[in-house]
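J.: Sequence:
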Amino acid sequence: MNVTINRQARDVMADKDELLEQVKSEKPVKNKILSLPFLIIGFLVIVFGAFMLYAMIHQHVTNNSSSSQTMTTTKTKRTSSKYVAGKDYKITYNNQGVIDKATLDKGLKVSYLTDVDDLMDTSSNGSNMAKVEVYYNKDKNLLVERLFENGYKDNQPTQTVGYDLSEEKMNLDKTDPVDYLNQPLVYKWEKLTK
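Mapping the sequence shown onto numbering that gives the first Met the number 0, position 123 (from 1) lands on 122, and the numbers just tick up by one.
What the hints contain is simulated information worked out from the structure, not anything from laboratory work.
Hints are supplied without guarantee of correctness; some may be wrong.
[To be verified] When the alpha-carbon atoms are kept at most 27 Å apart in a straight line, the in silico DSSO-like pairs for lysine-lysine are as follows:
1. Lys108 x Lys130
2. Lys187 x Lys81
3. Lys139 x Lys100
4. Lys130 x Lys152
5. Lys187 x Lys86
6. Lys100 x Lys152
7. Lys137 x Lys81
8. Lys89 x Lys187
9. Lys168 x Lys105
10. Lys139 x Lys187
11. Lys86 x Lys130
12. Lys86 x Lys168
13. Lys152 x Lys89
14. Lys89 x Lys137
15. Lys137 x Lys105
16. Lys81 x Lys130
17. Lys139 x Lys86
18. Lys100 x Lys86
19. Lys193 x Lys137
20. Lys105 x Lys89
21. Lys168 x Lys193
22. Lys187 x Lys152
23. Lys108 x Lys187
[What the hints assert, rightly or not] Label pairs and their calculated CB-CB ranges:
24. Tyr111 x Val44: 49 to 59 Å
25. Glu189 x Met55: 21 to 31 Å
26. Asp87 x Leu180: 50 to 60 Å
Glycine is no exception: its CB is placed at the ideal position from the N, C-alpha and C atoms.
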C-alpha cells in the first residue's frame with residue numbers, strides 16, 4: 000500500500016509538473032496573443048502619423064507654391080502696362096561698355112523710372128513725363144536723372160535728381176550740371192504719343 004501511495008503521489012507530482020510545464024508554455028502564447036493587438040495598434044499609429052506628416056508637408060508646399068503663384072500673378076498684373084513700347088513710348092539704352100545693365104536698372108527702379116504707367120500718367124497723381132535722360136558719372140558713381148514733364152521748354156528739365164550707386168540713396172536736391180555735363184547718356188525714355 001505504501002508503494003501504491005508513493006506511486007500515486009509520484010504520478011500526481013508528475014501530473015502536477017506536467018501541468019506546470021503546460022501552464023508555463025501557455026503563458027508566452029497568451030502574452031503573444033495579448034501583445035498582438037498592441038503591436039497592430041502601434042503599427043497603425045506609426046503609419047497614420049507618417050501619412051499625416053506627409054499630408055501636412057504636401058499641404059504646406061502646395062500653399063506656398065499657390066501663394067507665390069498668386070503673388071507673381073499680382074505682381075505681373077501690376078507691372079503690365081497699358082502702353083506699348085514703340086507706339087506710346089521709346090526706351091534707348093546707351094550703357095554698353097559704360098555701366099552694366101543690372102546696376103542701371105536697379106537705379107532706375109529705385110527712382111520709379113521703370114513704371115511706364117506712372118511716367119505716362121498725366122493726372123495729379125502721375126509723373127506726367129515727356130522725357131527722361133539718365134547720365135552716368137563714373138568718378139562719383141552717380142546716376143543723374145534729368146526729368147522733363149510734359150510742356151517743358153528749351154530742353155530744360157523740370158527736375159534733376161541724383162542716385163548715388165555706392166550708398167544706394169537718392170539725392171533729391173538739384174544736382175549740379177557738372178555732375179552730368181560731358182558724361183555719357185546711358186538711358187533715355189521718351190513719350191511718343193501726345
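J.: Next step is simple, just say for each hint if it's right about the structure.
T.: Quick rundown of the hints versus the structure:
The hinted pair formed by Lys108 and Lys130 meets the criterion: a straight-line CA distance of about 16 Å does not exceed 27 Å. The straight-line distance between the Cα atoms of Lys187 and Lys81 is roughly 20 Å, inside the 27 Å bound, and the hint therefore holds. With a C-alpha separation of about 18 Å, the suggested pairing of Lys139 with Lys100 holds against the 27 Å cut-off. For the proposed pair Lys130 and Lys152, the alpha carbon gap of about 12 Å is at most 27 Å, so the pair holds.
The suggested pairing of Lys187 with Lys86 holds, with an alpha-carbon distance near 16 Å, which does not exceed 27 Å. At most 27 Å may separate the alpha-carbon atoms for a hinted pair to count; Lys100 and Lys152 exceed this at roughly 30 Å. Of the pairs offered as hints, the one joining Lys137 and Lys81 is violated, with about 35 Å between alpha carbons and a cut-off of 27 Å exceeded. Taking the CA atoms of Lys89 and Lys187, the gap is about 8 Å. The hint holds against a cut of 27 Å.
Taken as a hint, the Lys168 and Lys105 pair is honoured in the structure, with Cα atoms around 11 Å apart against an allowance of 27 Å. For a cut-off of 27 Å, the pair hint linking Lys139 to Lys187 stands: about 20 Å separates their Cα positions. Simply put, Lys86 and Lys130 have alpha-carbon atoms about 15 Å apart, close enough for the 27 Å limit, and the pair holds. Distance hint between Lys86 and Lys168 is unfulfilled; the C-alpha atoms sit about 33 Å from each other, more than 27 Å.
Only pairs whose Cα atoms come within 27 Å are accepted, and Lys152 paired with Lys89 is accepted, the gap being roughly 20 Å. For the proposed pair Lys89 and Lys137, the alpha carbon gap of about 25 Å is at most 27 Å, so the pair holds. Note on Lys137 and Lys105: the hinted pairing holds, with a Cα-Cα distance of about 16 Å set against a maximum of 27 Å. Between Lys81 and Lys130 the alpha-carbon distance is near 18 Å, which keeps this suggested pair within the 27 Å criterion.
Using a Cα cut-off of 27 Å, the hinted pair Lys139 and Lys86 is violated, with the two alpha carbons roughly 35 Å apart. A distance of roughly 23 Å separates the Cα atoms of Lys100 and Lys86; the hinted pair therefore holds under the 27 Å criterion. Using a Cα cut-off of 27 Å, the hinted pair Lys193 and Lys137 is violated, with the two alpha carbons roughly 35 Å apart. Restraint check: the Cα-Cα separation between Lys105 and Lys89 comes to about 19 Å, which is no more than 27 Å; the hinted pair holds.
For the hint linking Lys168 to Lys193, the alpha-carbon distance of about 33 Å lies beyond 27 Å, and the restraint is violated. A distance of roughly 18 Å separates the Cα atoms of Lys187 and Lys152; the hinted pair therefore holds under the 27 Å criterion. Our distance criterion of 27 Å between C-alpha atoms is met by Lys108 and Lys187, whose separation comes to about 14 Å. Restraint check, Tyr111 to Val44: a C-beta distance of roughly 58 Å satisfies the suggested window 49 to 59 Å.
With their beta carbons about 54 Å apart, Glu189 and Met55 fall outside the hinted range of 21 to 31 Å. Remark: the range hint 50 to 60 Å for Asp87 to Leu180 is contradicted by a beta-carbon distance near 30 Å.
Comparing the model with each numbered hint stated earlier shows that hints 6, 7, 12, 17, 19, 21, 25 and 26 do not hold.
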